[in-house]
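6 protein chains.
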Amino acid sequence: MENCPTSPSLSHLDAKGHAQMVDVSAKEQTVRTAIARCQVRMLPETMSAIAKGNAPKGDVLATARLAGIMAAKQTANLIPLCHPLPLQKIDVSITPAPALPGYIIRSEVKTRAETGVEMEALTAVSVAALTLYDMAKALEKSIQIEQICLLSKTGGKSGDYQAAIVDLEEPG
Amino acid sequence: MENCPTSPSLSHLDAKGHAQMVDVSAKEQTVRTAIARCQVRMLPETMSAIAKGNAPKGDVLATARLAGIMAAKQTANLIPLCHPLPLQKIDVSITPAPALPGYIIRSEVKTRAETGVEMEALTAVSVAALTLYDMAKALEKSIQIEQICLLSKTGGKSGDYQAAIVDLEEPG
Amino acid sequence: MENCPTSPSLSHLDAKGHAQMVDVSAKEQTVRTAIARCQVRMLPETMSAIAKGNAPKGDVLATARLAGIMAAKQTANLIPLCHPLPLQKIDVSITPAPALPGYIIRSEVKTRAETGVEMEALTAVSVAALTLYDMAKALEKSIQIEQICLLSKTGGKSGDYQAAIVDLEEPG
Amino acid sequence: MENCPTSPSLSHLDAKGHAQMVDVSAKEQTVRTAIARCQVRMLPETMSAIAKGNAPKGDVLATARLAGIMAAKQTANLIPLCHPLPLQKIDVSITPAPALPGYIIRSEVKTRAETGVEMEALTAVSVAALTLYDMAKALEKSIQIEQICLLSKTGGKSGDYQAAIVDLEEPG
Amino acid sequence: MENCPTSPSLSHLDAKGHAQMVDVSAKEQTVRTAIARCQVRMLPETMSAIAKGNAPKGDVLATARLAGIMAAKQTANLIPLCHPLPLQKIDVSITPAPALPGYIIRSEVKTRAETGVEMEALTAVSVAALTLYDMAKALEKSIQIEQICLLSKTGGKSGDYQAAIVDLEEPG
Amino acid sequence: MENCPTSPSLSHLDAKGHAQMVDVSAKEQTVRTAIARCQVRMLPETMSAIAKGNAPKGDVLATARLAGIMAAKQTANLIPLCHPLPLQKIDVSITPAPALPGYIIRSEVKTRAETGVEMEALTAVSVAALTLYDMAKALEKSIQIEQICLLSKTGGKSGDYQAAIVDLEEPG
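Protein chains in written order, with the working numbering: chain V, 1 to 172; chain G, 1 to 172; chain L, 1 to 172; chain E, 1 to 172; chain D, 1 to 172; chain C, 1 to 172.
To be clear, the hints were calculated from the coordinates, so they are not data collected in a lab.
Check each hint, because a few of them may be wrong.
Quick list of simulated restraints, FRET-style, between CB atoms [to be verified]:
| hint | chain 1 | residue 1 | chain 2 | residue 2 | range |
| --- | --- | --- | --- | --- | --- |
| 1 | G | A26 | C | G159 | 15 to 25 Å |
| 2 | G | E28 | D | S142 | 35 to 45 Å |
| 3 | L | K157 | G | E28 | 23 to 33 Å |
| 4 | C | D14 | V | S152 | 35 to 45 Å |
| 5 | G | A26 | E | S142 | 43 to 53 Å |
Backbone N, C-alpha and C fix where the C-beta goes; we use that ideal spot for every residue, glycine too.
Can you build the whole structure from these sequences, using the hints too?
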């Protein structure tokens with residue numbers, strides 16, 4: 001939900017501090033996109049096992065990608081004050097990052113609606129990462145999910161957003 | 001899912017690398033617990049707004065806690081190969097960490113079942129963190145969710161686990 | 001959730017007043033039942049239309065019964081701090097009560113678990129009643145759902161409960 | 001679903017009396033609102049415990065409000081013949097009513113769609129009330145949920161509706 | 001999802017063969033319909049028992065119809081790459097087919113959206129058929145669900161479709 | 001649900017023909033398995049495209065397998081009178097059957113509960129098949145899902161079941 005940039009405040013709270021799903025009916029339906037990412041850090045041997053388990057037809061990364069896509073569709077059921085929205089595109093990609101070592105997960109979500117899809121994109125990468133953890137946890141319980149953040153958003157009255165985060169650049 | 005400690009491998013993959021929800025019917029029903037955590041890093045002014053929005057009766061942290069608790073109950077629907085389990089305790093706490101600045105989120109989940117609740121605990125902190133993001137995103141889109149990890153687990157044949165992660169100690 | 005009868009207090013709140021799904025792992029798995037009811041009051045002509053619409057094969061009451069049964073299975077997803085439970089019986093009945101005029105809805109739920117099924121029984125009658133409203137609202141928007149309450153529960157350490165409510169006796 | 005005012009009949013039944021989700025594709029997308037309410041009657045001492053448990057940061061009423069908001073988003077999954085709709089506003093408020101004694105729950109829901117949101121508003125107050133019951137049931141099992149009804153609706157061809165119910169006026 | 005008729009290919013796969021929910025934001029919102037069907041083959045005595053169990057007010061066919069309608073609304077949660085859509089009509093009918101012997105199930109779904117509702121119509125008949133199986137399985141475990149297929153679709157750039165399947169004609 | 005073999009009747013109907021989720025609380029918790037199958041018939045060129053799209057890392061069959069596994073966990077939410085059960089194993093396999101041409105889908109589900117998992121196994125193959133349809137429908141809308149049936153079940157008082165269906169033997 002984009003608030004007016006001239007008086008930003010906590011979303012979803014009314015004057016008494018009570019949670020509500022705010023009224024977006026006066027906002028315009030426009031195309032809106034959001035891109036989010038996170039990384040999953042693990043031991044080199046865990047990463048090797050996933051790489052091996054995924055080849056040639058193993059389902060490891062496919063399972064995590066699908067979990068992320070399906071979770072994006074559950075966003076309004078998971079995040080209490082999110083508006084239920086039609087979604088017109090969900091893409092989740094998982095890239096090996098040997099320098100971490102681990103994986104970079106990236107999602108892109110698009111809608112045509114009165115409010116944005118930042119939470120859908122963030123939910124997609126989070127659940128894809130949790131699914132990677134689930135599939136590798138017998139090998140390593142110390143896997144960490146790191147730096148879940150919004151990379152960019154477009155559309156909506158509050159304007160576009162582009163993260164300026166150098167240290168999120170994908171390692172090696 | 002704990003695998004045999006003598007031959008750890010990727011959970012949930014059969015001999016062909018195909019995903020499956022593995023058979024736990026031969027495992028014993030025992031009490032199992034898992035504790036997970038993450039942190040949400042934000043600008044000092046965002047943290048101030050949340051602190052203010054939460055007082056005296058504001059719903060910010062309560063909303064995030066409840067979202068985490070309810071998400072734990074959705075774990076088997078979100079993580080494709082997780083076993084559906086009865087859950088006997090879910091607790092989510094959110095602690096201000098001015099030195100981050102931001103918040104530390106911690107969950108504790110308990111069951112009596114054939115398999116563990118690590119994913120439920122990790123899902124709870126992840127969704128609680130996403131909910132914090134949702135409520136503060138009008139103020140700051142650069143909020144990051146960091147260091148989602150398992151702190152400990154007990155119960156099950158694979159033995160207990162205790163994270164040995166110094167740098168996760170709660171700041172401030 | 002039954003609390004210790006010697007110090008009853010609000011369920012689901014910890015010492016700080018924060019919501020949690022309380023630990024029931026130390027409680028015994030026993031058979032537990034709950035019976036709930038409500039009534040739906042409407043104009044005589046609305047009741048006639050339902051009676052007619054339901055005969056001979058109309059789906060009005062069947063739809064409401066099924067909605068109640070299916071909602072009972074969603075209780076832990078609807079009521080934030082309810083424990084997810086296996087359910088071993090759900091029965092919903094709807095009885096015409098011409099003296100209201102309207103219908104009496106009654107549910108009976110059974111489990112074998114560490115905690116009770118009061119909320120499942122109450123959710124069943126509530127959603128069955130809402131479904132009746134939905135099917136008749138083109139005829140009358142002033143339909144009221146009244147007196148949702150627990151009639152009885154059995155099982156559990158807190159003992160059995162029997163409502164002593166004379167004026168809930170079924171009219172007509 | 002608004003039916004033609006000149007021939008009102010049971011919604012959702014076809015000519016054979018079979019349930020169906022009726023065709024609304026020829027209806028116009030307009031802004032539609034609905035306001036519903038109910039009350040939760042309890043013993044004075046139960047009301048005191050909730051008031052105490054809710055102060056200063058207790059989660060009792062926040063939990064019930066959120067449960068109501070989230071349930072409104074589940075309406076089409078709970079009420080078999082409801083159309084799935086985008087929702088653009090959901091607000092649930094809970095007001096102490098010492099004269100009951102108990103609480104008045106009120107919801108307001110808004111959409112821009114081909115059909116109305118009466119069921120979403122009614123579902124929100126019902127589940128908020130059930131959640132209050134859940135949180136106080138260790139103290140009192142005789143809590144009653146009463147007078148669930150629609151206060152008003154706007155938008156749609158069937159015209160606006162305003163309940164004319166004097167005795168629903170909020171006590172004391 | 002209709003693909004360009006000049007280069008048909010697998011839906012939902014990107015250039016690397018990875019699953020994604022494809023971008024439909026550039027497609028036009030138009031009214032789209034889909035009609036699907038299947039048949040449920042059983043022993044004559046099973047069919048008799050259903051006929052008897054359904055009369056005069058038995059809920060067998062009503063339960064299966066409702067299950068199909070409700071499942072259509074879950075399509076985007078069941079089929080990983082389906083777009084979540086508003087639905088404007090869902091109708092499920094079940095017709096006795098003594099010559100099978102068994103039942104013919106037929107669904108019709110309508111939306112106004114950027115993509116079609118074939119999967120919603122197919123999901124509706126499938127789950128209605130599974131529900132018939134569930135209600136009769138104590139009598140006969142060899143019941144078969146057969147010939148689930150799309151009968152027709154309209155709307156969308158890929159054009160209309162009409163099945164040319166003679167042997168699906170309804171027996172007797 | 002297994003009924004007493006000496007008086008088989010429609011499951012889930014009470015004496016009035018009303019649907020209910022029958023009481024299984026007196027039944028013994030034992031290990032129960034069910035195996036189901038179906039086949040998906042398509043044009044040879046559609047089958048070739050899937051084979052190609054699936055290699056070397058394409059997600060077609062992985063997506064369908066996962067959809068089947070996740071759907072098995074939704075069975076009690078889809079089939080109105082099914083008991084919610086813990087599930088201890090879900091396996092879905094998809095085998096090319098060039099002689100069809102098409103694919104054979106097979107599921108195996110296991111629980112330890114008071115009632116069986118036939119519906120979970122049947123739901124898994126049905127939704128896996130629907131997902132295959134979804135991924136190939138841009139190529140061919142005449143794909144058919146055929147012969148959904150139970151191959152075997154074990155456990156429970158009603159005894160084991162083994163399908164005696166010669167013509168279901170896997171072609172080619």
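How does the Cβ-Cβ distance of A26(G) and G159(C) compare with 15 to 25 Å: does it lie in that range? holds, 23 Å
Taking 43 to 53 Å as the hint, is the beta-carbon distance of A26(G) and S142(E) inside that range? holds, 46 Å
Does the Cβ-Cβ separation between K157(L) and E28(G) fall within 23 to 33 Å? Given a distance of about 26 Å, which is inside 23 to 33 Å, the answer is holds.
Holds or violated: the 35 to 45 Å window for the beta-carbon distance between E28(G) and S142(D)? Holds: the Cβ-Cβ distance is about 36 Å, inside 35 to 45 Å.
Given a hinted range of 35 to 45 Å, is it respected by the beta-carbon distance of D14(C) and S152(V)? For D14(C) and S152(V) the Cβ distance comes to about 58 Å; the hint is violated.
Hint compliance for this structure: hint 4 alone is broken.
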